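S.K.: This is what each chain is made of:
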Amino acid sequence: MDEMDLASQALDVTPWGPESYERARTVLRGAMAESGTLQEAAPMPEVVPVRGRGFSRAGSRRRGTLATRGKVGIGAGIGAVAAAAALVLVATSTPQPATPTSQPAAPTGSASQTSAATSPLMTLAALIKASDNGPLPGNASLVIQNQSGSGQPAGVVYALYTDSGIMYTGGDKQTLMSGMTQPLDPRNSATYRWAVAARSAASGDLAAARKRMINTFPNCFGLGLSPAAQKQIWVKCLAAGAALRKEKGDKTPAKQPTGKELQSEIDNTLWTACYDAMNWAGGDPRIREGVLRLVSTIPEVTVTNSTADGQPALIMTAEPPLFGDSSSEQVLTVNAKTGMPIRSVESGGGLATSTQTFQFSRVTVANIKAGKF
Amino acid sequence: MASDAELIGRSLAGDGEAFMEVIGRHEVAIGAYLERRVGREAAEDLLGDVWVAAFESRRTYDRSYAEARPWLYTMALNRLRHYWRSRPAEDLVPDVTGLANGWDPWPAVDVRVDTRTVLRAALAGLRSEEREVLALVAGEDLTVADAARVLGMPAGTARRLLHQARAALRNAPEVAALLTELNSVKGSK
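Those protein sequences? They're chains Y and Z, same order as listed.
The first sequence begins at 24 in this note's numbering and counts up one residue at a time.
The second sequence begins at 156 in this note's numbering and counts up one residue at a time.
Bear in mind the hints are in silico, worked out from the structure with no lab data behind them.
This structure is a prediction, so every number in the text was calculated from the model and none was measured.
Treat each hint with caution, since some may be false.
SDA-like cross-link-like pairs, simulated, lysine to any residue; straight-line CA separation at most 25 Å [unchecked claim]:
| # | chain 1 | residue 1 | chain 2 | residue 2 |
| --- | --- | --- | --- | --- |
| 1 | Y | Lys395 | Z | Gly169 |
| 2 | Y | Lys254 | Y | Ala265 |
| 3 | Y | Lys152 | Y | Ala265 |
| 4 | Y | Lys283 | Y | Pro344 |
| 5 | Y | Lys360 | Y | Lys196 |
| 6 | Y | Lys259 | Z | Gly169 |
| 7 | Y | Lys152 | Z | Gly169 |
| 8 | Y | Lys152 | Y | Ser384 |
| 9 | Y | Lys259 | Z | Trp239 |
| 10 | Y | Lys254 | Z | Ser241 |
| 11 | Y | Lys259 | Z | Asp170 |
| 12 | Y | Lys254 | Z | Trp239 |
| 13 | Y | Lys395 | Z | Ser241 |
| 14 | Y | Lys360 | Y | Lys254 |
| 15 | Y | Lys395 | Z | Trp239 |
| 16 | Y | Lys360 | Y | Pro158 |
| 17 | Y | Lys259 | Z | Arg240 |
| 18 | Y | Lys152 | Z | Arg195 |
| 19 | Y | Lys196 | Y | Leu159 |
| 20 | Y | Lys152 | Z | Glu196 |
Listing some non-contacts, in silico: residues in chain Z with all C-beta distances to chain Y over 12 Å [unchecked claim]:
| # | residue |
| --- | --- |
| 21 | Ser166 |
| 22 | Glu182 |
| 23 | Arg195 |
| 24 | Ala277 |
| 25 | Leu333 |
Every residue, glycine too, gets a C-beta built ideally from N, C-alpha and C.
Please work from the sequences and hints to get the whole structure.
M.R.: Printed below as a string of C-alpha cells:
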C-alpha cells in the first residue's frame, strides 16, 4: 500500500439511492424541455421572475400569503403581473395583531380531529407513493387559482410550475404565456428549493428535508450550526431588523428567541414554505407526498377528516399559536386519496378572510407557451 | 454501443434521450465526485445543475474524445467552483450543516478513522492544484492525461503536480507512520 492507495480508500463514498439520480435527471429533463421552446421566443426583459424573500424579514412570524399576493397583478398587464410575480415571494412578515376575526370557511362534515404528528398525513403520503405509476405526463403542473376575499375583487391566477422548479404566474392566460418568454434559472429560486426539499422528504430523509424546507428562504435560525454561530446570525438578524422597527416606531427591544418560542418560529417557517409549495406546486405528486410528510412534523397543525366538494378530504389547520397570536389561522384542504389541494383559507391577524380554490392539471411547457390550455 | 461523442452528436440533432443516456453512464461517478468535495446533501443538489450545465454546453464538446466523463468532471468542477464562490454570500443561509460539523471532503468509509484524520491534515497542506489532480487520479481513477483535460492544463503539468502531491503525502510524518503501520500489519498476516 502506498499513499495513492491510502487516498483512494479515504475517498471512497457509499452509493446513492436511485431516487437521488432520478431527481437530478428530472432537473435536466425540465431544462431540456424548456430550452427547445425558449430559444424560439423573443425575450421580454420587463418580466421579472419569482424571487426569494429577503433576509431582513427572517425570524419574524409570517403567514403564507402567496395566494393573496398573487392577486395583485390580476388583469393589470405584463408589468404589473411581473411585479406581482416578484412579490409572490417577497415581504411576508406582516406583524399579526391579535384581533378577533371571522372563522375560516372550512368545509363541514364529520370531523375527528387528531394531531398532525400522528398518522393521517403520513398515511396519505404513503398512499400517494403507492399510487406512483412512474414518470408523470408532461413536464409541468398548471394550477388555476380562484381567489376571493381579502378585501379585493374575486379573481383568477394562472401559475405554471415546471418540473425543474421554475414558476410563472399570470392573471390571465395571455399574461402567463407572455411571462414565459423570459428564460429563468431555477437554481437559486425559492420555488426550486420547494421541489428539492419536498422530494427529499418523499425519498425518506425527513430530518434533512425539514431543514431544507425551512431554509427555502434565508432565515435567522442557523439550523445545524453551533450555538455560537447561531448567536452570530441572530445578532445580524436583529441588527437588520432594528432599523425597520425604528421606522415603525416599535421601541420594544428585540431579542433572540429561545426554547418554545424559537421552535414555534421554526415551525411557522416550515409551515409557510409547505403551504406555499402545496398551493403552487401541488400538482406534482412527489411534492405533495413530501409536503405532507413535512407538515406531519409540525405540532401546531391539526388534521381533520372531512369532505369537501363531495370529495373525501383532509383538513390541515395551522392554529393561531403557530402565528404568534390568538386569531390567525390557515386551513389547507386536500383530497384524502390523492393529496391534491382543494382549497386554502387564511383568516385572522386583523386581515379579511381569503379563500383560494385550486384546479391542477399536468401539462407541457410547450403547450402552455402555444396557448393550448 | 454508441460512444458518448456519438450520443452527444445525436443530442445536438434533437434526440433528447441520447443525452439522457450519456448521463446514465456517468451519474454514479459524477455524483460521487461531487460528494467527495461538498458532502452528500449538497452533492445531490448540485448533480442536476451539472447535467443542465453540460446539456447547455454540449455544443462545445470536442467529439474527437469518445468518452465524455472527463468533460463531465470539468462541468462538475465548474459547478463546484460556482458553489464555493456563492457560499460567502449565503453566510446567512443556515443550510450549512456540513460546514458546521467539520465538513470533510475526504470521507473514509472502510479505513480506520486514523486514516481520514491523518490524510485530511496532510491534504490540507497541499496546494489546491495538487489536491485537484490527486482527487481526480486517486478518487476518480482518471489517468493523469484525463485529469489534465478536466483541469484544463497540460498533461505534463498535471503529472508534475501529482508527483508533488504524492511526495508531500509520503513525506508527511503522520502519513508515513500510518503507511508503515498498515503495511506491517498487511505483511504480518
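S.K.: To test your reading of the hints: which numbers does this structure violate?
M.R.: 3, 5, 6, 7, 11, 13, 14, 15, 21, 22, 23, 24, 25
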